[in-house]
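Sequence order for the protein chains is V and B.
Heads up, the first sequence is in the working numbering, so the first residue is 1 and it goes up one at a time.
Heads up, the second sequence is in the working numbering, so the first residue is 1001 and it goes up one at a time.
Derived by calculation from the structure, the hints in this document are not laboratory data.
Note that the structure is a prediction, hence the values are computed from the model and not measured.
Do not take every clue at face value.
[What the hints assert, rightly or not] Below 30 Å or equal to it, Euclidean Cα-Cα: the simulated DSS-like pairs (lysine-lysine) are: (1) V:15 - B:1104; (2) B:1061 - V:15; (3) V:69 - B:1104; (4) B:1060 - V:3.
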Amino acid sequence: MAKKVYVIPCSGIGKAAASVGREAMYRVVEELRPEVADTLCLSLLVMGDEEALEKIRKNYCISVDGCGKDCARKNIELSGGRLASSRRVHDVLKKHRDLQPEGVRDIGENGRKLAGLLADELAAEVDAATGGGE
Amino acid sequence: MDMQPKKVGVLSCSGEAEAEGTICRNAVRLVMEKYRPDVVTTLCLPLYLAGDTGEREFAKKFPVISVDGCGKLCARRATEKYSGTVQDAIDLRALLEEWGVTEKLSRSHPGELEDKLAERLAAEIVKRIDAIIEDGKIVER
Ligand code: SF4
Ligand code: SF4
Chain V
1 MAKKVYVIPC SGIGKAAASV GREAMYRVVE ELRPEVADTL CLSLLVMGDE
51 EALEKIRKNY CISVDGCGKD CARKNIELSG GRLASSRRVH DVLKKHRDLQ
101 PEGVRDIGEN GRKLAGLLAD ELAAEVDAAT GGGE
Chain B
1001 MDMQPKKVGV LSCSGEAEAE GTICRNAVRL VMEKYRPDVV TTLCLPLYLA
1051 GDTGEREFAK KFPVISVDGC GKLCARRATE KYSGTVQDAI DLRALLEEWG
1101 VTEKLSRSHP GELEDKLAER LAAEIVKRID AIIEDGKIVE R
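Chain V on its own, in the form it takes in the complex (with noise of 0.2 Å):
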């Protein structure tokens, strides 16, 4: 089984639901399973970093993307990542039309609010993966 999930959002520098992704991961990886989760940057897949390669391709990957241009996901499959699942925020979003974020960098309360909604969601995923459990 595999050690680790590697939650990857993309951090759309362009889109407030890129940041409401960036902003849910951490509280997968920092909170709510912090011994199963773990994050790395992205980036790293894009310029074939070989020690980022070997920790998504040994573990499992969950992309979570600002948009249908799917960047985090891509690059998982294209860097040959085990990827368990992938999320878009839009698909949070359409669920709680309500909670629009607000802007790149300050997402703002219903950006937060909406983040963790995601991050449940999320965490749900990765127990999934490695097969536990809150």
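Take the given structure of chain V and dock chain B with the ligands to it, following the hints.
Relative to the frame of chain V, chain B with the ligands by itself:
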């Protein structure tokens, strides 16, 4: 670059795992939103690999300043690998050393110190953008 570009490309690493990465991302947004909104363009870095609409033309179309959180220099190296040479490059971790910053920084909960450093880095990026403009590397409007 065949035609004289109108903008400077400023490209931040994503830097999810490092506090410096979060500062870089915020600093680039500050420059885009507040300090040089009319002369700066950017790109989501992972599009170099995942994109399909000419993202790899970025460094051919614009003089690029890469802004990286640490010595891995992902933005610089990815640009050089996929797109072209960078005009200027910033390694924030090296800059922090120069500035004598030794405090522990947060990647997930940037506070007053991280915000100040993002502002300081934004000022550094602006300086480098202005140098590119002064060199006549973009068409002034
Ligand atoms: S999926 Fe790609 S293009 Fe869309 S916001 Fe994220 S990094 Fe940017
Ligand atoms: S340069 Fe450093 S902080 Fe930035 S993405 Fe690469 S490893 Fe992360």
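Tell me, which hint numbers fail for this structure? 3 and 4
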